[in-house]
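Letter by letter, the sequence shown follows residues 1 to 544 in full-length UniProt numbering.
Simulated from the structure, these hints should not be mistaken for lab results. A couple of the hints might just be wrong.
Claimed, not checked - FRET-style restraints, in silico, Cβ to Cβ:
id	residue 1	residue 2	range
1	Y280	K92	33 to 41 Å
2	Y280	N91	20 to 28 Å
3	K92	E16	44 to 52 Å
No residue lacks a Cβ here, since even glycine has one placed at the ideal position from N, Cα and C.
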Amino acid sequence: MAVPLSEQTSLPIAWEVEIRKPVGGGVPATDIEEVLIHNAMDYRPGYVDATAFLIPPDLYCEKLTSDQNHSFPDFDKDRLFTFSIEMKETNKKVFTWADSWYDFEKQLYRTDHDVNFTSQNPIPTTRIFDFTEGIAYSFPMASADCTFTIINDTKADWVDITGINHLWADNPGAFFGTDVTNYTYYGQWSERYIKGEEWRGLRVDWPDSTLNMDGEDEDKPTTLWQWTFANKNVTTITSLGEQLYSERNVPIGLRVTAMKNISLGEITLPKGHSYSYQIYDFNLETDARARDLYTDGGIFDISRCYSANFKKHLRFSLDVSAWPEVVDTPLLTSGFFREYWQKLLASYGQVSLIRITSVKCITEEAGEIWVEFYLLDRHPRIGMLSPPIFESMTPGDIARGYIKTAINEGNIKFDGFDHEGKPFSLIAVAGSLTEVLQPNCTTTTPGPTPSIPGTSTKSTSQKTDSTSPISTSSKKSTSTSNPGGTTTPQVTEVTPDVNTTDHPKPPRVKRYSGGALAGLGVGMLVTGLAAGAGATYLAVISRR
């Protein structure tokens, strides 16, 4: 029958499809049965919304075959995530927010969010975690107070510190859970009126299987994870500090649903309980690294926790005679360049990256090029909290000596290629390491070293202490400039080589084994609110 095309013609109101097959495998025409396999009634074009046929958001189809052309977005080569996040419980009036910077290479994590104290209103607070040394630093954004916390290497301690943990991330794959979960593509989905694509996966690794309440198999999935991704132009930074934009699939939402009753200490998550995360401004670089001309990125700067007696403002001269025209390039003021020196100085100084901060390159009127930075000492509060960690940290004076030796031996240098492809080296001038004078400081001599208890201590889940650093002002350079900023040379390649194995390192207490970094990521701020704890923090992760 021909399908009527005219709008004036009648529409079908019923349709039946039958199939005829032999009975018992016979072939005679009389041995057949009629089987109705499909029918449609009351045909109305456009009457039913297509979304009515989507799989509900809280279901996972085990036998659904994922589209081979839609694999989960790959972030394995990305070392830095930055994003803003909003979280709410779907069945409670709980709403939290956070801004996060997550650097896998540096083993550093920072989150800015509200901390709820029992007797005060929520206070915007910055918290920075250094997993190289095992120390967390916390300070209100509008206060000079700074709290030190020992990061203990156990899941139970992480529950105490951060509440309900949602991601364990020592690499980008772990951040999304792709290292333990095979996500299935569920097609297009709408999140915040943005058309995206959704992947779902069942996870058994969060929360800890020993906490399951139903007495079921420990390996049975406990939570359903639903990631929604959308296309976005993200920023990448070249080796010359220039910004490039590329279109990528980035996360815009996450929903975590309990598939069974789950006990988390004093909190119980009933089956079907969900947490919804809205992820904004997800990027692979930071505004600080891309635009800030005067710091190493600034986002992990903890120098405000140190008084003048426990940080040294140092600088060394840079010999650019191998390629004088470099002063007319964006290289000297790029975040890439500052970050290179930060990593190189920390490597030769045998300190965590977080103790080399506020790196900047200065061109003085006389034509001299200087690299300035702050070297942070071991803070005495850390010694009071954990003598083993304190003893494993390189003292500031010794680190300064290591850096001085590396400069004098010609190891502090930057190797690259100019726009003609010729190699060049920017080398620190031997004997040029000096201290930048602080005019408002009464002394630059550290006070007496506090007595450090013996290294034998009882294991505790969390220790904290706080101090208010002495407010000081630093002498600013008389002239900072980026000469000839209107011309960008065609530099084809810059290949810095940070060698971390050609100088001796003292024995240290290894806090985290390779591949087992306890990184931070998406989480929740609900435990403290529900249990009346002193503070709640954006969740992070626990080491497996």
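Do the hints match the structure? See the list:
{"no.": "1", "hint": "Y280 x K92: 33 to 41 Å", "result": "22 Å, violated"}
{"no.": "2", "hint": "Y280 x N91: 20 to 28 Å", "result": "23 Å, holds"}
{"no.": "3", "hint": "K92 x E16: 44 to 52 Å", "result": "49 Å, holds"}
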